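Engineer: If you're matching them up, the sequences are chains L and R in order. If you use the working numbering, the first sequence corresponds to residues 24 to 139, in order. If you use the working numbering, the second sequence corresponds to residues 35 to 149, in order.
Worth double-checking, as some hints may not be accurate.
[To be verified] Each computed DSS-like pair below joins lysine-lysine, with the alpha-carbon atoms no more than 27 Å apart:
(1) Lys-37(L) to Lys-102(R)
(2) Lys-80(L) to Lys-37(L)
(3) Lys-80(L) to Lys-101(L)
(4) Lys-80(L) to Lys-111(R)
(5) Lys-125(L) to Lys-80(L)
(6) Lys-111(R) to Lys-125(L)
(7) Lys-102(R) to Lys-80(L)
(8) Lys-102(R) to Lys-90(R)
(9) Lys-111(R) to Lys-90(R)
(10) Lys-125(L) to Lys-37(L)
(11) Lys-111(R) to Lys-94(R)
(12) Lys-86(R) to Lys-102(R)
(13) Lys-34(L) to Lys-101(L)
(14) Lys-86(R) to Lys-111(R)
(15) Lys-101(L) to Lys-102(R)
[Claimed, not checked] The following label-pair restraints were derived from C-beta to C-beta distances:
(16) Arg-45(L) to Lys-86(R): 16 to 26 Å
(17) Gln-115(R) to Gln-103(L): 40 to 50 Å
(18) Ser-37(R) to Gly-63(L): 16 to 26 Å
(19) Arg-120(L) to Gln-115(R): 27 to 37 Å
(20) Thr-62(R) to Leu-139(L): 40 to 50 Å
(21) Lys-102(R) to Gly-26(L): 26 to 36 Å
(22) Thr-104(R) to Ser-30(L): 40 to 50 Å
(23) Gly-43(R) to Gln-107(L): 24 to 34 Å
(24) Glu-50(R) to Gly-95(L): 21 to 31 Å
(25) Gly-75(R) to Glu-91(L): 46 to 56 Å
(26) Glu-76(R) to Arg-120(L): 20 to 30 Å
(27) Lys-86(R) to Gln-103(L): 36 to 46 Å
[Claimed, not checked] Among the chain R residues that face chain L by a calculated CB cut under 7 Å, a handful are:
(28) Ser-66
(29) Glu-76
(30) Lys-83
(31) Ala-120
(32) Phe-123
(33) Ile-136
Just so you know, these hints were derived from the structure itself, not from any lab. Keep in mind the model is a prediction, meaning the values are calculated, not measured. Note that the Cβ used here is the ideal one computed from N, Cα and C, for glycine as well.
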Amino acid sequence: GAGVSQSPRYKVAKRGQDVALRCDPISGHVSLFWYQQALGQGPEFLTYFQNEAQLDKSGLPSDRFFAERPEGSVSTLKIQRTQQEDSAVYLCASSHREGDSKQPQHFGDGTRLSIL
Amino acid sequence: GNSVTQMEGPVTLSEEAFLTINCTYTATGYPSLFWYVQYPGEGLQLLLKATKADDKGSNKGFEATYRKETTSFHLEKGSVQVSDSAVYFCALSAVRSGGSYIPTFGRGTSLIVHP
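Isolated chain L (complex conformation):
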């Protein structure tokens, strides 16, 4: 498809389990972003990749959160030992170029994560 694809759309896990969320960006897009969106809130930045390099991970809330993009295309966000406060929608976005504030972001539909 032409858009950003995220999977799974919904994920339910028990507290303490590890989860992995996948993002397939638009082909050729250099920049990839992960966001966490709590109910009724705007997206909060988690981490940013330029190709395979993770340039900014200042938004990751704890060392339980880990992201990778090993070949500069598909990215995975992993959350270890999940906690209830991790319940949120996780959004992935990509943009064509890096270092250009004029570039809009193209978002996937998100993964809704529920921790029981």
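Here the structure of chain L is known, so what remains is to put chain R in place on it, guided by the hints.
Structural biologist: Frame of chain L, contents of chain R only:
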């Protein structure tokens, strides 16, 4: 640091009413400004953007003008439709410490349009 402040919702209007959703920002340098729309169960979609002062972004009847003197980017539409019901996010993109352009989003404003 960079920040975006939007008016709180929900904004409830009748069809064909005039819409304004206020957005103000603080940023270092010269940011680009965006409005995104989010329908239930979906990700954000770009609605319009403006990249320099006095630019007007427009799309699907929506407009917003980049006002540097008031650091504002208010969203307007002359006649709303039921299908415009969604959550609207104001956002800016400006350089952060470290040199990367990481967008900053407002909290979103829910719009409900009644027939």
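Engineer: Hints first: check each against the structure and report whether it holds.
Structural biologist: Evaluated hints:
1. Lys-37(L) to Lys-102(R): violated (48 Å)
2. Lys-80(L) to Lys-37(L): holds (26 Å)
3. Lys-80(L) to Lys-101(L): holds (13 Å)
4. Lys-80(L) to Lys-111(R): Not satisfied, since the Cα-Cα distance of roughly 37 Å exceeds 27 Å.
5. Lys-125(L) to Lys-80(L): holds (22 Å)
6. Lys-111(R) to Lys-125(L): holds (23 Å)
7. Lys-102(R) to Lys-80(L): Violated - the C-alpha atoms of Lys-80(L) and Lys-102(R) are around 30 Å apart, more than 27 Å.
8. Lys-102(R) to Lys-90(R): Status holds; Cα separation ~12 Å.
9. Lys-111(R) to Lys-90(R): holds (13 Å)
10. Lys-125(L) to Lys-37(L): violated (41 Å)
11. Lys-111(R) to Lys-94(R): This hinted pair holds, its Cα atoms lying about 9 Å apart.
12. Lys-86(R) to Lys-102(R): holds (8 Å)
13. Lys-34(L) to Lys-101(L): Between Lys-34(L) and Lys-101(L) the Cα gap is close to 13 Å, so the pair holds against 27 Å.
14. Lys-86(R) to Lys-111(R): holds (21 Å)
15. Lys-101(L) to Lys-102(R): violated (40 Å)
16. Arg-45(L) to Lys-86(R): 16 to 26 Å: Given about 37 Å between the Cβ atoms, the range is violated.
17. Gln-115(R) to Gln-103(L): 40 to 50 Å: Once the Cβ atoms are compared, 45 Å apart, the range 40 to 50 Å for Gln-103(L) and Gln-115(R) holds.
18. Ser-37(R) to Gly-63(L): 16 to 26 Å: Distance hint for Ser-37(R), Gly-63(L) holds at roughly 18 Å.
19. Arg-120(L) to Gln-115(R): 27 to 37 Å: holds (34 Å)
20. Thr-62(R) to Leu-139(L): 40 to 50 Å: holds (42 Å)
21. Lys-102(R) to Gly-26(L): 26 to 36 Å: Holds - the Cβ-Cβ distance for Lys-102(R) and Gly-26(L), about 33 Å, lies within 26 to 36 Å.
22. Thr-104(R) to Ser-30(L): 40 to 50 Å: Taking Cβ atoms as reference, Thr-104(R) and Ser-30(L) lie about 43 Å apart, which means the hint holds.
23. Gly-43(R) to Gln-107(L): 24 to 34 Å: Roughly 27 Å apart at Cβ, these two residues keep to the hinted range, so it holds.
24. Glu-50(R) to Gly-95(L): 21 to 31 Å: Violated, at about 48 Å.
25. Gly-75(R) to Glu-91(L): 46 to 56 Å: The hinted range 46 to 56 Å is violated for Gly-75(R) and Glu-91(L), with Cβ atoms some 27 Å apart.
26. Glu-76(R) to Arg-120(L): 20 to 30 Å: Since Glu-76(R) and Arg-120(L) have Cβ atoms about 25 Å apart, the given range 20 to 30 Å holds.
27. Lys-86(R) to Gln-103(L): 36 to 46 Å: holds (43 Å)
28. Ser-66: holds (4 Å)
29. Glu-76: With a closest approach of 5 Å, the Glu-76(R) hint holds.
30. Lys-83: With Cβ-Cβ at 6 Å, under 7 Å, it holds.
31. Ala-120: This interface hint is violated because 14 Å lies over the 7 Å limit.
32. Phe-123: holds (6 Å)
33. Ile-136: holds (5 Å)
In summary, the structure is inconsistent with hints 1, 4, 7, 10, 15, 16, 24, 25 and 31 from the numbered list given earlier, while agreeing with the others.
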